[in-house]
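Keeping their order, the protein sequence lines are chains A and B. Going letter by letter, the first sequence gives residues 1 to 691 in the numbering used here. Going letter by letter, the second sequence gives residues 692 to 1073 in the numbering used here.
In short, the hints are calculated from the structure, not lab data. One or more of the hints may lead you astray.
[To be verified] Footprint (simulated), chain B over chain A, 3 or more residues, beta carbon under 8 Å:
#: 1; segment: 96 to 105
#: 2; segment: 528 to 536
#: 3; segment: 673 to 681
Bear in mind the structure is a predicted one, so any value in this text is a computation, not a measurement. A virtual CB, placed ideally from N, CA and C, is assigned to each residue, including glycine.
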Amino acid sequence: MKPFRIEEHPILDVPELELISFYFNGEKMQARKGEMISSALIASGINVFGHHHKDGSAQGIFCANGQCAKCTVIANGIAVKSCMTAVSPNMIVQSAEGLPKLAEDVEVEDFAPIEELECEVLIIGGGPAGLSAATELGKHNVDTLLIDDKTTLGGKLVLQTHKFFGSEEDSRAGTRGHDIGKILAENLKEYQSVKIWSNSTALFVFSDQKVGVLKDGIYKLIKPQRILNAAGAREKFLRFSGNKLARIYGAGAFQTLVNRDLVRPTERLFIIGGGNVGLIAGYHALQAGIKVVGLAEAMPECGGYKVHADKLRRFGVPIYTSHSILSANGDEVVKSVTITEVDKNFQAIAGTEKSFACDTILIAVGLDSLSEFTLEAEQAGVPVDSAGDALAIAEASSAMFNGKIAGLRLAKAIKGDQVEDIPQAWYEKAEVLKAHPGEIKDYQNLLDTNGVMPIIHCLQEIPCNPCTTVCPTNSIQTEDGSLMALPRYVGECIGCGKCLLICPGLAITLVDYRKDKAYPTVTIAYEIMNIPVKVGDRRILTDIDAQILGEYEVTAVTDYKKQRMQLVRFKVPADKARQVAGFRVQDLQHSLPLSEAIIPERMGDEAMVCLCERVTAGEVRALIKQGISDLNQIKAITRAGMGPCGAKTCEVLIKGLLKEEGIAPSEVVPNTKRPVFIEVPLGKFPRGDSK
Amino acid sequence: MKYDVIIIGGGSIGLPASLYLAEQGQKVLVIDLEHAPGQQNNKKAIGGVRATHSDFGKISVCRRSIEILKNWQAERGNDIGWMSNGYSYPAYRAEDAKALQDLMKIQHEYGLNIQWLSPEEYNELVPGITMDGLLGSTYSPEDGSCSPLLMTNAIYFAAMKAGVNFRFQEKVTALKTEAGKISEVVTDKGSYQADQVVNAAGNFAREIAAMVGEDLGVFPDNHEAGITEPVARFFGPMVVDMRKAPGSANFYFYQNSEGQVVFCITPDPPILGIDNRSTSEFLPLCSKRMIEIYPRLKNLKVRRTWRGQYPMTQDGFPIVGRSEKAQNLIHATGMCGQGFMLGPGMGELLSRICLDQLSKDDLRVLKSFDPQRDFKSEEIFK
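Based on the sequences and whatever the hints tell you, model everything.
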């Protein structure tokens, strides 16, 4: 089982393996104690969990978040979502082949009454926005209940092993995401008025203003005066040939497996989407010992931060801009991916197809706000705010800040004038933090070749400045002092390296001329220590665009245990020293295309738009051509959207098809949203806490 | 252009009526509030279709519906998910058993296939049903079910092919009359003329009738329903528990052709009005009763719930026939939650009303649906 477990990780602590046994299709396997069935299976090299009842195609992990049902297995006779069900000792797990059988023997039980509670504010979601809001509410002694569907608070912060952008003061820039989650959750403990329910899923805001919540499997009804929707976002999926194969999933699932459960679900990963999510997932993959074969982005430039893209490139991961996925190839599971260059209208350019061997495809093509709870609350007449990704898709730094604003706004709504007004500056800061990357500028023209100085390879305006606040001599400042502007070296560097260690983009190097002007020492920040670097090793140094500058010897490696980083030093000729941005860690041979591109026989229309019900693009397109633009009618005819995920995946894809067929978005009638948010066994509803 | 027939409402009744009229060569216009067919209460039907009612009218119309639905795929090609899975009314109280058995006598007189099963026989059809106190059950194997969503769209496409015109997202605002007849149907987007007008407006039938000065006793009340994940087939018929419990009257569930269990409960007292929002009461109430009668259901995951209305009449029978205020207005409404099962048969009947082709049996059927009846009798077997 070892190849599929992460046994060393540069950032994450790997706990002692405490193993329990279970059986999958009769074969004895081992799981980490407390681990979800899905992760235990993947750790044992099992990636196909069953076969779909409609077309017999393979099913496996998809959302890893309890939202879909593609990972369904039969555990001790009952069909369960394997990503949400922990392995119990000697559990009998079977793959779900076709429709599951409903268990026959069940005990009749008593139904204890359902607990009903009131609170002033209910926060749905314990990620950066929800936790920040709760903190403000706690400060003002507002009776608050925060619920989160995971066992650990922090939302997606829990999965983020990289350092965050933003400013140290407002969003803990330079601190790793999972540490921020811990800090925020820990800080909340001091506020008596804030109650926290983890492992609690909101199911619906009902018309009688009660919110149904499943807490540790027990159904409860909450009646809040106000609701804050901080439930985050969901990932978009893509329409391409072969998109129903097993081992295609989003960054959320990938990071859950790798960074939460420490399993290695893939050996060769290909990433679609060059936003921050895709770029960071690539970086996390490298840290998990996974080969990242390549990354394709349909736009001419990656939408994510340039520093992230630069970093990935110089580590040796090719980024194909103006490229889109044409097909996933394989019988049951992914064996390879074919990408194609696209023109400015995103149409494939024939003859540019390239295929790469890979076992997993990660789709990171954007997020959609999770707006259900807001709409439900509005319909029920409960005053509702939203914050974080549920409000607008942005970085976690922005979510923390607008969560804080929402918290204060709610405190004011409940407590009235005794709560201070929200400072205007907060709104301004919130705008900056959610800003998209700005202009790309040139390197600073530093003429001095004496002493030591930082070379700042951060050339795109992003809302981030910890390098300016960490510098003990105040030698780095942004151009106009704002968070967005580029950091520039303006003073007296002492070569302490703090800016290297805090920069989330690993975009600062130090060039030290003090000992040798002709061969200055270049210091590079490094945090992929699973690929070890030691003195005497020769490494290929590259510039910001991943162009090779030559192979040089490592002269020193310094550990910074607290930061979980290393500073790696090279001696480089003076004419190249300032160009050095990093060194390669992944050999180019891992990302070579196959000698011949694999081009699917039938293009496009057999791609699935609804994976749950196996509805193809062709079926839906035929209806659109007959003039149907009501998603409810498309659903009625094809069942697209009637599956277990509750139209969470297909809606965007069908809207895309409608757009392609020339239907204006204003003419499209959206799906009607109904309870419940996730599928729940009927037996949970009549039963309160029987204890 | 003048139409032969304008149908107000493209739902359970209006759609089949439009199809059969168009297939008889009539120029038909359907006007509907919504963006697509069947988007009011038709799509909220759970899909059960039975002929085993208690009176000649509903029995005859639903029997014809079953024939149409059963043969739809063979005759017209589309799969509508029809299953002859039957209906069952298990009895746990002596008075229920007696009422059901008394009714069976009437049903047998009408030639319906309905039988009484022993608890053991019933347990074979619905394995794992609560046997404690079970006295037996009716079983009518020729009743069945199909997907309202598929059926409605199948009819819609057939109607389009037959030349029916549809005006969606259009609301009828006035019915102009001249010499005791509707001369013009006015909407928020235009006005139309036709020889005859059918009021198949479901929830809004009363408002439509009021446009010609008629007070039609159709009052919607709210019902909630739900559907589960699909599982391999584990029981056969629709199960109707006719007992009352605090908060609810009867409730029923069946496993559809996809393997999903669809369920619905009748609130008691009724919740009048139109409110499609979901309440927090429905799932605890309905799931409790379902699990009590059928414990196996507890591990079945509920996927979605929704709320719709039964356009009720005072006596529980539909209102079908000519208006007393406008002689070219035909009401076809107040289906009391049975619009989907009555629909296909009712559509044919409406075409015969419009075309003046009523048979002796039709006249007998229409007697119990007469808009001018006294509404004092009581449907004993809703």
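Tested hints:
Only residues whose C-beta sits within less than 8 Å of a C-beta in chain B count toward coverage, and the segment 96 to 105 of chain A has 7 of them, enough to reach three; the restraint holds. With 0 residues bearing a CB less than 8 Å from a CB of chain B, the segment 528 to 536 of chain A misses the requirement of three and the coverage assertion fails. Judged by the Cβ-Cβ criterion of 8 Å, the segment 673 to 681 of chain A is covered by chain B as claimed, because 6 of its residues qualify and three suffice.
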